[in-house]
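Student: Line order of the protein sequences matches chains A and B. Oh and the first sequence: position 112 is 117 in this note's numbering, straight run, nothing missing. Oh and the second sequence: position 59 is 71 in this note's numbering, straight run, nothing missing.
Because the hints were derived from the structure by calculation, they are not lab data. Treat the hints with care, as some may be off.
Stated by the list, open to error - With a Cα cut of at most 25 Å, we get these calculated SDA-like pairs of lysine to any residue:
#1 A:Lys129 with B:Val452
#2 A:Lys106 with A:Ile81
#3 A:Lys129 with B:Leu169
#4 A:Lys106 with B:Glu381
#5 A:Lys129 with B:Pro468
#6 A:Lys106 with A:Leu87
#7 A:Lys129 with B:Glu381
#8 A:Lys106 with B:Arg139
#9 A:Lys106 with B:Leu169
#10 A:Lys106 with B:Pro468
#11 A:Lys106 with A:Ser33
#12 A:Lys106 with B:Arg469
#13 A:Lys106 with B:Arg321
#14 A:Lys106 with B:Pro465
#15 A:Lys106 with B:Ser137
#16 A:Lys106 with A:His35
#17 A:Lys106 with A:Val84
#18 A:Lys106 with B:Arg181
#19 A:Lys106 with A:Leu41
#20 A:Lys129 with B:Ala306
#21 A:Lys129 with B:Leu317
#22 A:Lys129 with A:Gln97
#23 A:Lys129 with B:Ala466
#24 A:Lys129 with B:Arg321
#25 A:Lys129 with B:Gly184
#26 A:Lys129 with B:Arg139
#27 A:Lys106 with B:Leu317
#28 A:Lys129 with B:Val172
Said to hold, decoys possible - One side only, chain A facing chain B, incomplete, derived with CB under 10 Å:
#29 Val31
#30 Pro73
#31 Asp79
The structure presented is a predicted model; accordingly, all values stated were derived computationally and were not measured. Built from N, CA and C at the ideal position, the CB exists for glycine as well.
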Amino acid sequence: MAYLTFETILYAGAIGLIALGSLGLVLSRHLFRLVLALAIAEAGANLLLVLTGYRGGAVAPILGVHQPGTTMVDPIPQVLVLTAIVIGVGVQALAVSVLLKIYRAYGTLDLRVLREHLELDLAKAAGIRAPGSQEAPAGERPLPPPIPAVAKAAKESAP
Amino acid sequence: MTLHQMLLQVPDLALPFAPTQSQIVLAVVLPLLGAFLMQPLARVSRTLALALGPIVLAASAYLLIALSLEYGGAPFVVAIGGYAPPLGVVFYVDRLALLFATAVPLFTLLFWWRAEPDAAGSTDSARRDAVMLLLAAAATGLALSGDLFNIYVFYELTAVASFGLVALRATGAAYIATVRYLLLSALGSVLALVGIAIVYLLTGTLNLAQIAQLAPGTLANPAGLAAFALLLVGFGVKAELFPVNTWVPEVYATAPARISALLAGLISKLAVLVVLRLVVLAFDGTGAQTLLLALGTLGVLTGELAAWRAQDFPRMLAYSSVGQLGVVFIALSLPGYTGVFAALAVALHHVVVKSALFGLATRWNGSLEALAGAARTAPRASILFVLFALSLIGVPPLPGFWAKLLVLVGLAQLGTQAALTALAVILLATAVEANYLFRVAVRLFQRASDGAPAPPRPGRFDVAVASLLGLVLLGATVTIDPLSTWLGGIAAQTTDVDATIATVFPTPIAQTP
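Put together the whole structure using the sequences plus the hints.
Tutor: The structure is reproduced here in C-alpha cells:
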C-alpha cells in the first residue's frame, strides 16, 4: 500500500472530480445540471492546481511567522487558484442569469427541446426550411412529452 | 522624417508624450478603465460616454503603432509592477505581439458602430460599449502576455466579454446560443487549467520563456503531450478547433453580424496566437504536431462540407471559417519556421477576408436564395464578395493563393503519409469551397425571379468597411514580395526561441527543478 499516500488520494480526488464534471457536461441535457457539472469540474481543476504546490508536512507560506528553514507550500498555485475561483464563480453566475432568460423565453431548460427551438428560430429568421421531421435522420430518440408551459405558450401564440 | 515623427506632428493624434516601453500596459489598462467608467459616465453625460469608446480605442491604437515604429524591431519585456520574471508577470512584446495587439483596437473601431437597435430599442447603450471595451482590453492583453497564467486570465476575460456581445440581440435563440457557447468555453477553460497545472507540475514555472528553457528536459514526455492536448483543446474553443467548435454556426448566426465579424476575424486568431506560442516555445515534438495535423485536417473536412450544405449566408461563412482555421492548425503542425510563416499568412489573410464578409452579412443575413439578383441593387458589395471569395478559394495572384501555397508546399516537403493526406484534404476542400462560393456568386449576378422580394442591400457603412479591407487585400496582392519578406521576418523572430529566452532573462537564472 505504499502508493496510497495522502497526496495520491488527493490527486485521485481532484482528477475524479474533473472527470465527473466533464462527463456530466457531455451527458446531461438539462441546462441547470450542466452548470452544476461545470461547477464540479472547476472545483476539481482548482484542487489539482493547488495540489501542484503541495508539500507534505509543510506550513502556510507566510514570511516571519515560522522558523527560518521550515518547508513551506508553494504559494504561486494558491495565488493562481484564487484567480481561477473568482473567474469560475463569475462565469457560473453569468450562466445562471442566461438560464433565467432562456426559461422565461421558452419555459424549459431541456437542451434537446431548446436545440429544436434554436434550429426553428434560426431557420425562421433566415427564411429557410427548418430541418423538420421529414428530413430528420431515422433513429433519433423521440422528444419528451410537451412541457405544459411551452404547449400553453404555443397555443396562445397560434391565431 | 519617420512616420512616427509625422504622426506626432498631426495635432489630433499627438499625445503629450512619446511612449516608453513600459507604457504599453496602457493599451490594456485604458480600455479596461474605459469599460468601468462607461456606466457612471453615461449617467452624467451621454455624449461623453458615446465618445469615450472610440477615443480610448484610438489612443490605444496610436500608442501601439507608435511603439511598433519606435521599438518594433527588437523584442522587449515589460515586468508588470517592476517584479522581475520568473516570479513577476511579464508582457513579452515582439513584432508578432505588437502586430496582433495593434490589430485589436483597429478592428474593434472598425466594427464599433451598431447596425441594429438592441432589445430596449436603443443603438447606443453604455452597457454594450463597456463590454466592447472589455473585449478590446482583454484581447490586447492576450496578445502581449508572456506568462501562461496571465494568458488564461485574459482568455477568460475575452470569453466573458464575447458572451455578453453574443447575447446582444436578447432573443431566445441568442440566449440559447450564448449558453451553449458559454458551457463549451467553460469546459475548455477547465481543461486548459488542468493543462496549466500539469505544466506547472512538470516545470515549476508559468513564465513562457522559462518553460521554453526547461521544455526539452521536462515536457518532451507523455505527460507533457497530455498537457499540450489539454491546452490545445482548451484554447481551441475560441480558435474554432475541431471538435470544440460546435458553438460556431449558432453563435455567428444569432449574434449581430458585426460582432461575428470581430469574433470570427480577429478574436479567433488571438486564440491561434496562444497555440502558436505554445507550439513554438514549449511543445515542438512530433506528438504535438501529429495532434495538430489530425485535428486541423478534420476541421477542414467538416467545416467545408458543412459550409457546402449551409442554406443561409451567416452559417455558410461560419462553417467556412471553421475550415479556414483548420488550415491554420495544419500549418502550425509543420515544424519550425515554415509552419509559423504559413500559419501567420493564412491567419492574417483570414482576418481581413472574413471580417469583411461578415460585415456584408449585416444585411445579407438571410437564406442564400434570397440573394438572387443582389448584384443589381448592390453592385459594389457583390463585386467585393467575388473578390473575397476568389482570395478565400486561393485564386492567383490574390494573397489567399500564396498563403495556401505556403501550407501545401510545407506539407509536400514534409512528405509523410499524414502530411500528404492533409494536403489532399486541403485540395479537396478548396474544390468544395470553390463550389459553394461560386454558387453564391452566380446567384448574386443572376436575374431575380419574377415576383420575388427585392434582395437586401448591405448598408453603406458595411460596404465601406468591406471596400477598405478589399483595398488592403489588393494592396497585399501588389506588394506580395515585400509583404512576405516582412512576414518572414516576424516568423523568424517568433521561432528564435533562444533569443526569446535571452530577452526575458538577460542574466541566466539558475535552473531549479
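Student: Please work out if lysine 106 of chain A and serine 137 of chain B have their alpha carbons no farther apart than 25 Å.
Tutor: holds (19 Å)
Student: Need the status of pair lysine 129 of chain A, alanine 466 of chain B: alpha-carbon distance at most 25 Å?
Tutor: Within the cut-off at roughly 18 Å; holds.
Student: Need the status of pair lysine 106 of chain A, isoleucine 81 of chain A: alpha-carbon distance at most 25 Å?
Tutor: violated (38 Å)
Student: Take a quick look at whether lysine 106 of chain A and leucine 317 of chain B sit within 25 Å of each other, Cα to Cα.
Tutor: violated (34 Å)
Student: Hey, lysine 106 of chain A versus arginine 139 of chain B, does the alpha-carbon distance stay inside 25 Å?
Tutor: Answer holds: lysine 106 of chain A to arginine 139 of chain B is near 18 Å, not above 25 Å.
Student: Would you mind confirming whether the straight-line C-alpha gap from lysine 129 of chain A to glutamate 381 of chain B stays at or under 25 Å?
Tutor: Answer holds: lysine 129 of chain A to glutamate 381 of chain B is near 14 Å, not above 25 Å.
Student: Please work out if lysine 129 of chain A and glutamine 97 of chain A have their alpha carbons no farther apart than 25 Å.
Tutor: Measuring from Cα to Cα gives roughly 31 Å; hence the hint is violated.
Student: Taken at face value, is the distance from the CA of leucine 169 of chain B to the CA of lysine 129 of chain A at most 25 Å?
Tutor: Violated, because 33 Å separates the two Cα atoms, which is more than 25 Å.
Student: Does alanine 306 of chain B lie within 25 Å of lysine 129 of chain A when you go C-alpha to C-alpha?
Tutor: violated (36 Å)
Student: Holds or violated: the hint that valine 31 of chain A contacts chain B, with Cβ atoms closer than 10 Å.
Tutor: Constraint on valine 31 of chain A satisfied, holds at 8 Å.
Student: Does proline 465 of chain B lie within 25 Å of lysine 106 of chain A when you go C-alpha to C-alpha?
Tutor: violated (34 Å)
Student: Run the distance test for lysine 106 of chain A versus leucine 87 of chain A: straight-line Cα separation, threshold 25 Å.
Tutor: Violated - the C-alpha atoms of leucine 87 of chain A and lysine 106 of chain A are around 29 Å apart, more than 25 Å.
Checked against the numbered hints given earlier, this structure breaks hints 2, 3, 4, 6, 10, 12, 13, 14, 17, 20, 22, 26, 27, 28, 30; the rest are met.
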